[in-house]
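> Each of the two chains sits in its own frame; use the hints to bring them together as a complex.
Chains P and R, in that order, give the protein sequences. The first sequence begins at 1 in the working numbering and counts up by one. The second sequence begins at 1001 in the working numbering and counts up by one.
Watch out, some of these pointers could steer you wrong.
[Stated by the list, open to error] Distance condition first, Cα-Cα at most 20 Å in a straight line; then the derived DMTMM-like pairs of lysine to aspartate or glutamate: (1) P:182 <-> R:1057; (2) P:182 <-> R:1018; (3) P:265 <-> P:175; (4) R:1169 <-> P:256; (5) R:1113 <-> R:1140; (6) R:1113 <-> P:253; (7) R:1095 <-> P:253.
Note that these hints are calculated values from the structure, not bench results.
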Amino acid sequence: MSTTAPAPSRPTSSSAPRRLAEERRLPWYHLVFTGLAGLLVAVAALAIFDALSVTSAILLGFVLHLLFGWGYSLLREGPRWATDRLMTLLVIGAFAISMFPLVSLLWSVIARGLTRVLAAKPNILSFWTTDMSGIIGGADAGGVTHAIIGTLLITLWASLISIPVGLFTAIFLVEYADQGWKRTLGKGVTFLVDVMTGIPSIVAGLFGLALFISFMPDQSVRMGIMGAVALSLLMIPTVVRNSEEMLRLVPMDLREASYALGVPKWLTIVKVVLRTAIAGLTTGITLAIARVIGETAPLLLTVGMVTSLNWNMFDGRMATLPTFINQQYRNGNANCMADSVTNPINHEVYACSITTNIDRAWAAAFTLIVIVMVLNLIARLISHYFSPKLSR
Amino acid sequence: MAAPQPITVEDLNIYYGDFLAVEGVDVQIRPRSVTALIGPSGCGKSTFLRTLNRMHEVIPGAYAKGKVEINGEDIYDSRVDPVNVRRRVGMVFQKANPFPTMSIRDNVLAGVKLNNRRISKTDADELVERALKGANLWNEVKDRLDKPGMGLSGGQQQRLCIARTIAVKPEVVLMDEPCSALDPISTLAIEDLIHELKEEYTIVIVTHNMQQASRVSDRTGFFNIAGTGKPGHLIEIDDTDTIFTNPSNKQTEDYISGRFG
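If we strip away everything but chain R, and leave its shape as in the complex, we get (with noise of 0.2 Å):
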């Protein structure tokens, strides 16, 4: 594989119909390191998440301007499609969803049989267990890879969802806030997966907590808000060790040290 290049936002706006909810977002994220995204409800951090493999656009009326460059391309050209480039930029959402009429080994294998791609058995049983192994989900589901995935507890869906995700092999994991509906226990399990997927993904994860972030991120970006129908900005990223320890913006360090509105 070629040495991975950053992702390299420039100049994004980001609206919902008329609305602009995301402003003027610059940013290059590193690759093969962990960058969360941290803010207060409703600056525009997870639309802007949505945005770096144009699930943004789902949403009707919802599209976004400016350039956004994955390996040198630029995401938002008009000649590419949407549907490969979330082949390479996967993503976990906040609610675990789990396909709820397939079984687990399905759930894993959704990627390759919902696009119709054939896959011989052995293969498919590589995979399975290349990917359930990778969300460190292996050992407590190997017995009953037949079961429906919903019969998981919630923080085995949610890591059910990442090996769904690291099937395909993308490039990029994105999470938003994947442990929100998790307990504590949980929350460690995927956390501790988040450090081992670094090596192999650049991650961009979204969180309401700067606990998390402070323990599984190597850079932290700061979006924030001056008020309701104003749209969100990127106010700084940065290291984040600086981030929590010394950050370049006052509105940083209002919002970590708990001063924020």
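Bound-form chain P, shown alone (with noise of 0.2 Å):
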């Protein structure tokens, strides 16, 4: 091709060619203008009809600009870059509403919680290492040691009972369910993993119950082992999903390559499969964990509630955090009649205070997100430390 010749253009049928220039861009502060543009009209409209409030100011806003920057868009820069624009919009309006739960949620609970949790006496602490025994009324004091513990120990013993037995169902699908009897068993256990995932967290707690009951002489017993156990059900299905899916990433060749060194299939799944999906593995374990530590029907019904620590997990009841809460937020506002709220047991004094109750959920609530947040980071360096390096 000649280094002269025009670029080639679209035939078309007038006489001059369409140039590559004619195409105008507007720069992007033109979305500012229109955005307070549509901002201002919502305001205005709003004040008319005696409905302004910011949230309905800022999505009445949010509609019109879309509306606007359509229309200036399409007036200047013509159908194609109209439709771009319009579509970026809508995808970043999608991406705040979807952000505005959690952003909002982690706000009230870090307002709310920290909050209390700060104010603890006598030291900074103490919210996290002192228990509920003795604290009545509308004692501003008190704490969730006890429910820390019985959280952990619990979603401990949920996960030494779910994770060896969703693990090994996975590698059971993944490495041996490949033909014959064993392919149709492996169907039918997938279908059930299915079926247990959508297992309602009231009735494992049913389940938990009466499986304890039907061997246990007392009716009434409840143990901690029996919310491990309500809970092991709600996080399998999910340790065997996540495993098996990334069981499945490890590619077929690596383990070839180990079979053809003379390494037999469980060292090679050992030392090869898991060690390759580790990181995967981790996460996906994690995302099972931080699933069942929030649960709050089973516990109920198959843990109770406690003022004291127990860490006897097969006898007697135990407090968790998400029954805490609960409890905490059922109790509703304090009833104060004198300033100040003497503890039976050890006798000390604290102030009284109206809200005591509504704060200490607040705060428990806090301390759940903190846990949940230090097991991603563990998984997270996890991860980090086991995943295939491909770095130079």
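Encoded structure:
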């Protein structure tokens, strides 16, 4: 092709070829102008109808922004760019809507929970180092040690049950259920796991209860292990599904490379497949733990609630953070007849606060979120240090 | 070491489930030499290669019937553990597949470490050096043995896989199109390596590249297939010079002269 030839153009009915520079783009800040215009019109319109509020102004303003931005772009830039502008705005809008609950939730929990945690007396950690024994009425005291330990213990035991069961099921499905009767069995297992995923948590709680009552002499028995069994029922399908996906991602090449070196199948699974997938497996298992650590209903049924610390998974009720939140919130505002409340056990005297129960619920919610975040952080670190290294 | 015996294949039929993929292979593969297998895509040459170390049956539903004797032992005898066969017959794959979680050193030692065998550090160092030198990779990686194996270039990764294979000291090395993903320089490096390796190992290589077959092999076998859905056959096997200059079968002549299909 000769270098002097003009850029090829589409044949059009008009004689002059269409120039490439003809399409104009407006600079990005025109979006700000149309946005401000939308907001102003929205505020004005809402004021006229006496319905002005921040939320309504933002929502109507955004809708008008879509309209103005699209119309303005249509006039100045043409239909193709107008559609582009409209879609960009819609995508950003959808993102903002999905972020709103998350940010708002985090903000409320931090604002209300962290305040109560920091305000704990006698020192800043007291909310996490005291339990609720002897805390009555509107006493502005008490803490969640018992609930933290309960939640951690029950989740630990639930994980001890679910992770081996779930991981071995996933290994069976991926590595062994490939032909014949094993394949049929694998399909059955997959179906049942899918069904299990849909079990409502309250039903899992009832199962845990019924299972233990069926062989325990005491019909009103409540133990931490019952809660762990109920939670593992919810956890196993998540572990199976997540691990299965991760194991399937391990390339067949690596298994064959290992077989070709004369490595038996079980060692290949342990040392190549699991080792290669470990980052994904950790993430999947952490997600499963995060899924059950906040469960309330099954624990209300099987573990109940106490005010003091119980380390024994096999004897008596235990406190957990979700049930603690539930209980404190249901207690509602306290009745402050006097300025102070005395602890009947150790005779300490506390100030009375009407909102103490609600405050404790928020602080416990904050604590739960912190625990989940710490677990996530640990999982991230494990994935980081064990994931396949590609750098030179 | 006792004088190596040929690999004897008698009446080998290879199946994928109900489908007969390769039919009636009878061949003797000479020890300490390079045998190349050529033929059109889908003719069963890779499938045949994988039956020589019982890797074929890793695929669900796949099996082989017949006799493959290595050192006088039938590897398809019901009392033979495929794991033991694979320890004696190593394999290099089309796509270089170093273990992504392992360093260069650990990749070479994979055959030892994955089998949970204990090895002293000095023995391990010696084995790594010998295997990497054997794969012509030592000089390129000796200063970064602890770096990930995936960080190497494609050709280096393939030579790492060869080092890994010869580190377990097999008698036979199978190569399934080892150069098809490599540039000409890396290909040359691997072909030179094959020449050196045949001093110690029996090598069977599948290749799509007829020039490569003529360059590296002592004997060449030609596989062909009558049509889709029909089983592949070993048409003829002979000295490489004979196959490329004076083949006895018309199909072979058509294939190597490009008049095929």
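> Does each hint hold? Answer for all of them.
Okay, the hints, checked on the actual structure:
1. P:182 <-> R:1057: Satisfied, since the Cα-Cα distance of roughly 16 Å is no more than 20 Å.
2. P:182 <-> R:1018: The given pair, whose Cα atoms are some 19 Å apart, holds under the 20 Å limit.
3. P:265 <-> P:175: Holds. Residue 265 of chain P to residue 175 of chain P sits at ~9 Å (cutoff 20 Å).
4. R:1169 <-> P:256: Holds, because 18 Å separates the two Cα atoms, which is no more than 20 Å.
5. R:1113 <-> R:1140: Violated, at roughly 23 Å.
6. R:1113 <-> P:253: Given pair residue 1113 of chain R, residue 253 of chain P holds - Cα atoms ~18 Å apart, limit 20 Å.
7. R:1095 <-> P:253: Holds, at about 8 Å.
In the structure shown, a violation is registered for the earlier hint numbered 5 alone.
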